[in-house]
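**Student:** Required output: the full structure, derived from the provided sequences and hints.
Read off the chains here:
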Amino acid sequence: MNLTLVQELYEIIDSFPIVDVHTHVRWKKGAASNIGEILSYHYYTELANSAEFQEGKFPFDDPRELTRVILPKLQLISNTVQYDWLMTISREYLGLDASEWYPENWEFIFDRSVEVMDNPDWEEQLVAQSNILRVFLTNQYDDDLEGLDTSFYTPCLRTEPFVLWMGQPEQRKGLEAFLGREIRTLTDFLEVIEKTFTKFVRYGMGYAAMSIPVGFETRYVSEDDAQRLLNKMRSEGQLETKERQIWGAYALNRICDACRKYKKPFHLMIGVDRDVYAHGVPQGTDLFNSVNSMRGYDYLLNTYKDVRFPTAVLADTTGLELVASSWIRHNVYPSGHWWYSNQPTDIAREIRRRLDVVPKNKIIGYFSDAYYLEFILPKFRMYKFELALALAERMERSLVHPNMEPFTMDDALELAEDLLLTNPARIFGLDFSG
Amino acid sequence: MNLTLVQELYEIIDSFPIVDVHTHVRWKKGAASNIGEILSYHYYTELANSAEFQEGKFPFDDPRELTRVILPKLQLISNTVQYDWLMTISREYLGLDASEWYPENWEFIFDRSVEVMDNPDWEEQLVAQSNILRVFLTNQYDDDLEGLDTSFYTPCLRTEPFVLWMGQPEQRKGLEAFLGREIRTLTDFLEVIEKTFTKFVRYGMGYAAMSIPVGFETRYVSEDDAQRLLNKMRSEGQLETKERQIWGAYALNRICDACRKYKKPFHLMIGVDRDVYAHGVPQGTDLFNSVNSMRGYDYLLNTYKDVRFPTAVLADTTGLELVASSWIRHNVYPSGHWWYSNQPTDIAREIRRRLDVVPKNKIIGYFSDAYYLEFILPKFRMYKFELALALAERMERSLVHPNMEPFTMDDALELAEDLLLTNPARIFGLDFSG
Amino acid sequence: MNLTLVQELYEIIDSFPIVDVHTHVRWKKGAASNIGEILSYHYYTELANSAEFQEGKFPFDDPRELTRVILPKLQLISNTVQYDWLMTISREYLGLDASEWYPENWEFIFDRSVEVMDNPDWEEQLVAQSNILRVFLTNQYDDDLEGLDTSFYTPCLRTEPFVLWMGQPEQRKGLEAFLGREIRTLTDFLEVIEKTFTKFVRYGMGYAAMSIPVGFETRYVSEDDAQRLLNKMRSEGQLETKERQIWGAYALNRICDACRKYKKPFHLMIGVDRDVYAHGVPQGTDLFNSVNSMRGYDYLLNTYKDVRFPTAVLADTTGLELVASSWIRHNVYPSGHWWYSNQPTDIAREIRRRLDVVPKNKIIGYFSDAYYLEFILPKFRMYKFELALALAERMERSLVHPNMEPFTMDDALELAEDLLLTNPARIFGLDFSG
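Chains as they are written, first to last, in my numbering: chain U, 1 to 434; chain V, 1 to 434; chain P, 1 to 434.
By construction, these hints were calculated from the structure, which means they are not laboratory data. Bear in mind that the values here come from a model prediction, so they are computed numbers and not experimental data. Think of the CB as a built atom: it goes at the ideal place given N, C-alpha and C, for glycine as much as any other residue. Among the clues, some could well be false.
Said to hold, decoys possible - Here are the computed distance ranges between Cβ atoms for each label pair: (1) Glu-417(U) / Gln-168(P): 46 to 52 Å; (2) Gly-429(U) / Pro-59(P): 51 to 57 Å; (3) Arg-184(P) / Lys-173(V): 51 to 57 Å.
**Tutor:** The following block contains the structure:
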């Protein structure tokens with residue numbers, strides 16, 4: 001590790017503005033109001049619950065009390081990158097050094113956080129200080145987007161209700177309420193998709209997306225089969241497993257029809273196993289499965305050849321499959337490093353693989369998956385450091401590698417800019433010129 | 001690689017006493033009697049058989065002859081870490097330099113080993129020289145534990161006979177002999193478990209454990225179903241595959257009931273494929289399967305929320321699944337680096353993953369899996385060197401990483417102590433204060 | 001990365017002659033005639049198609065036009081190792097610096113390439129300049145081998161027509177034409193195998209080989225079952241999936257009978273998913289599947305204990321399975337780094353695993369898989385650089401590793417020679433003494 005070179009590269013890359021192509025930020029109030037909200041992020045509550053079992057229970061509704069309760073447990077996770085994110089938030093935004101983080105000091109930390117974060121200008125300051133240019137959101141079809149600042153936020157449509165949850169009566173009722181009438185026929189179903197896309201496009205839609213369970217298989221489904229399944233959902237409620245998969249395949253195809261029509265990408269997020277840990281905190285109960293292949297997506301990727309598919313995978317074991325798909329498939333774009341794979345070891349490996357064999361105009365470097373704007377900076381820094389390391393290594397090896405031209409600092413920075421700015425802009429149709 | 005820093009760290013970590021939480025040492029005579037016994041360890045015979053085929057046959061009953069036969073083959077495996085373990089044994093215990101290991105010198109080496117190892121004080125000297133504080137054993141329910149030195153050895157119960165082998169008449173007879181009557185009912189089965197735990201707890205039981213085949217699935221099994229299967233085993237002998245799995249799930253649940261009652265952990269060792277190589281040496285016929293998930297353990301881990309599950313995985317492909325489970329599940333503890341994953345490349349990756357996202361109080365650094373006490377030191381040194389490397393790297397990156405506080409030598413050593421001493425002591429309920 | 005040491009090692013290793021144990025070179029004209037042929041290699045057309053979609057269509061029949069069309073796209077893949085191979089070809093063989101590779105210069109590059117490559121001595125010059133000692137070929141049973149220079153080329157038999165494609169009438173007709181009569185019975189089938197082996201052995205056969213689909217399972221198949229399947233193929237054409245697998249297992253066993261009889265290895269190439277990308281260039285439509293195990297090969301490897309099985313795996317997830325198999329199985333030899341795993345990240349990991357636990361006389365370092373002789377040098381250089389890195393790292397760690405003897409430059413070079421020359425020669429029965 002050539003520390004000097006890594007640092008030099010990192011500092012320039014860190015000065016790039018941030019385009020964050022996937023977050024869970026709530027646009028009406030993107031920043032936290034206090035450190036308790038920051039600590040309510042599932043990374044902290046789940047790690048605290050794991051380090052010292054609390055039956056998954058914390059005072060989630062009382063940020064002050066949550067701060068008091070979580071703080072003594074942080075020492076047990078001080079080795080983690082998640083703790084490092086928190087310390088970056090503390091230093092950069094609260095002006096508090098890591099040494100301030102001891103249990104007895106919880107009240108001081110909390111009060112200090114309110115002082116900073118409760119300021120009406122806080123969100124604006126945070127965005128300016130962190131040099132965040134654009135933030136993509138995660139939205140449900142019926143989210144209120146009225147008043148959305150489309151010069152900063154890009155809404156993205158989550159498609160689970162259409163694809164995975166249609167068999168749940170309350171979910172179907174939600175869609176029907178949005179449509180304004182019952183969903184009896186496939187025509188009704190197409191119209192609720194159409195109405196959703198029309199709405200999202202009006203607000204500068206980024207893409208449609210889904211967090212896809214392990215074992216999902218895309219395929220052609222006939223209208224007859226789909227109508228039969230819709231009838232069954234309406235008359236009998238939930239479908240059987242196999243039927244749910246068929247409906248899912250049908251519905252995903254229809255969503256991709258809309259993506260095609262409106263020239264919007266579909267962002268695949270592959271490989272989650274939901275609700276497997278029975279004693280976890282909210283959002284801390286999902287895992288992944290190392291046994292999962294991208295083969296289930298062949299139909300979709302082949303059929304929608306004119307739709308772009310940015311793709312993130314949850315399992316390390318799917319990493320090279322994603323790389324190989326992005327290498328030969330024109331419409332697959334490796335996107336970021338997701339959740340359990342969003343840590344230095346797996347980021348480092350995938351960065352190198354992607355830089356070595358995926359066309360450089362196709363790699364989408366990173367997204368934060370943040371729930372509050374405060375997390376964007378520390379998470380991007382984690383990634384940017386690994387990227388700087390990989391680029392520094394590439395510069396060094398180019399000096400002696402028999403096949404390589406000298407790979408200069410300028411080359412490295414251009415590549416970093418491709419991954420962090422140029423590619424996201426082109427692939428998601430953004431315009432930063434203005 | 002900052003060699004100076006790695007070495008400095010390594011040397012301090014090497015000075016820690018060794019707590020070895022999983023071995024196959026035979027407590028009545030833990031050390032070898034000569035180098036032939038050392039060479040009979042399957043790692044050497046299997047590698048020799050692989051490098052120069054012997055139909056899996058060596059003079060296992062004649063250590064002197066085995067030494068003569070194996071020695072010429074060692075040159076073919078001099079690149080391996082297993083050879084390095086042997087050279088450490090040679091240097092540290094026999095005072096013989098690696099240069100002494102040439103075929104014609106076999107007799108000298110053998111005689112020298114007898115001179116050292118046949119000494120009645122040898123075991124004591126070895127333990128003192130290697131600074132071994134405690135050794136966990138692998139025991140069958142009916143092992144003779146009378147006279148066990150519980151200040152040094154911790155017996156651990158292997159549960160395969162209850163869970164996997166009950167359909168084999170001779171295995172069932174063994175359990176019945178131990179119980180003192182036939183196992184006709186589930187009550188009988190519970191009593192043989194109870195009798196076993198009572199015995200083991202009397203000798204300071206560490207944990208129950210099982211080496212679990214690929215594809216094992218834990219689940220609820222009703223008493224009716226279990227009794228029916230027990231009846232069938234008694235009347236018809238072996239069960240069908242699916243039935244064996246159901247019995248296995250039932251029996252594992254009952255073992256975990258006992259773990260709960262006696263507050264003992266269950267050590268999962270996940271993912272072996274037994275007896276797949278037909279021409280191997282004894283214990284050199286098993287492999288693993290890259291297609292295996294921890295999803296099969298959800299029921300167990302959720303149901304026995306008050307039982308600790310230290311967990312080792314055999315497949316590299318399950319490494320991140322274990323990390324993610326340990327990250328969110330309160331009762332999963334990543335434990336060591338097992339068998340085919342017990343080599344520098346895979347140890348290095350898993351150390352980094354664990355240190356980055358698993359609470360530091362949950363990581364169990366290493367166990368040797370040794371068959372003779374002599375192997376504990378070289379195997380721990382292999383691990384400690386990889387740990388020193390990871391910690392040195394962490395110290396270096398902390399100097400320039402935008403999210404990190406300086407990670408000092410003291411921090412590094414404290415983390416090493418957590419992994420090697422503090423965590424094993426707390427998780428397995430040891431007391432080193434005395 | 002100790003650049004000086006890496007470079008020093010690399011330069012000596014680069015001076016070794018090249019023995020390339022798997023290529024697709026066409027022996028009648030092994031070298032390209034112009035740069036357009038080089039660019040028609042699927043690596044360039046598939047990456048170009050992926051970077052800027054062309055519906056998989058390029059002017060493959062017009063090398064000059066292909067050069068004009070591909071050149072502007074190369075900038076989009078200038079980050080890739082495949083681009084680096086091309087630049088090595090340009091520098092080493094055409095004397096053209098990388099800076100010459102800009103779109104407007106396509107005609108100059110093409111003309112220059114014709115000037116060099118159209119020279120009747122070109123192939124000879126290339127082989128001498130690249131220090132290529134021997135090249136293994138990929139041949140169909142009916143390839144014309146008359147006049148093959150067996151002092152340089154080693155023919156290897158692809159067995160897909162016998163094992164995978166027998167249900168396709170035109171494929172069966174081809175075999176029948178070669179045999180000189182219809183294949184009605186298993187005896188006919190054995191005779192076409194026998195005739196093929198006799199022919200190949202006459203030309204210095206290297207081995208039989210197959211690129212094996214995901215999920216393939218080897219097993220015993222009775223003659224009755226096989227004859228029944230042969231009858232069905234003859235009467236009804238293609239078999240059902242399950243039947244195809246049974247025929248495949250039968251036929252592979254018979255091929256291995258012939259390998260046994262003629263003492264030839266069978267080279268397994270495990271884990272391809274054919275024709276999954278619908279819009280790819282020729283040879284750019286296949287991917288792999290991370291969910292695949294070597295367990296399906298147990299029967300074959302156990303039964304043919306006297307047949308050597310050099311083995312390459314396509315999936316990174318099978319890497320440690322291959323290492324573990326090579327570690328204990330006497331007749332499995334890890335061979336090279338194949339296709340999607342043939343890039344620095346995965347090569348680096350597998351080199352280290354193999355060097356640490358596989359007997360050093362069993363590791364087959366590398367093969368190029370090249371379609372033109374020009375690719376052999378750049379691909380071997382990519383591998384040799386990763387090998388030099390791994391060996392330099394081993395030298396450095398040996399200075400401080402508690403278990404290791406000093407691992408010297410001489411030791412490193414000897415190991416490199418084992419992997420690159422000694423082992424391939426012994427395992428494939430070559431004689432370089434003459």
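**Student:** Look at each hint and say if it fits the structure.
**Tutor:** Going through the hints against the structure:
1. Glu-417(U) / Gln-168(P): 46 to 52 Å: 50 Å, holds
2. Gly-429(U) / Pro-59(P): 51 to 57 Å: 31 Å, violated
3. Arg-184(P) / Lys-173(V): 51 to 57 Å: Cβ of Arg-184(P) to Cβ of Lys-173(V): about 55 Å, so the range 51 to 57 Å holds.
Checked against the numbered hints given earlier, the structure breaks only hint 2 and satisfies all the rest.
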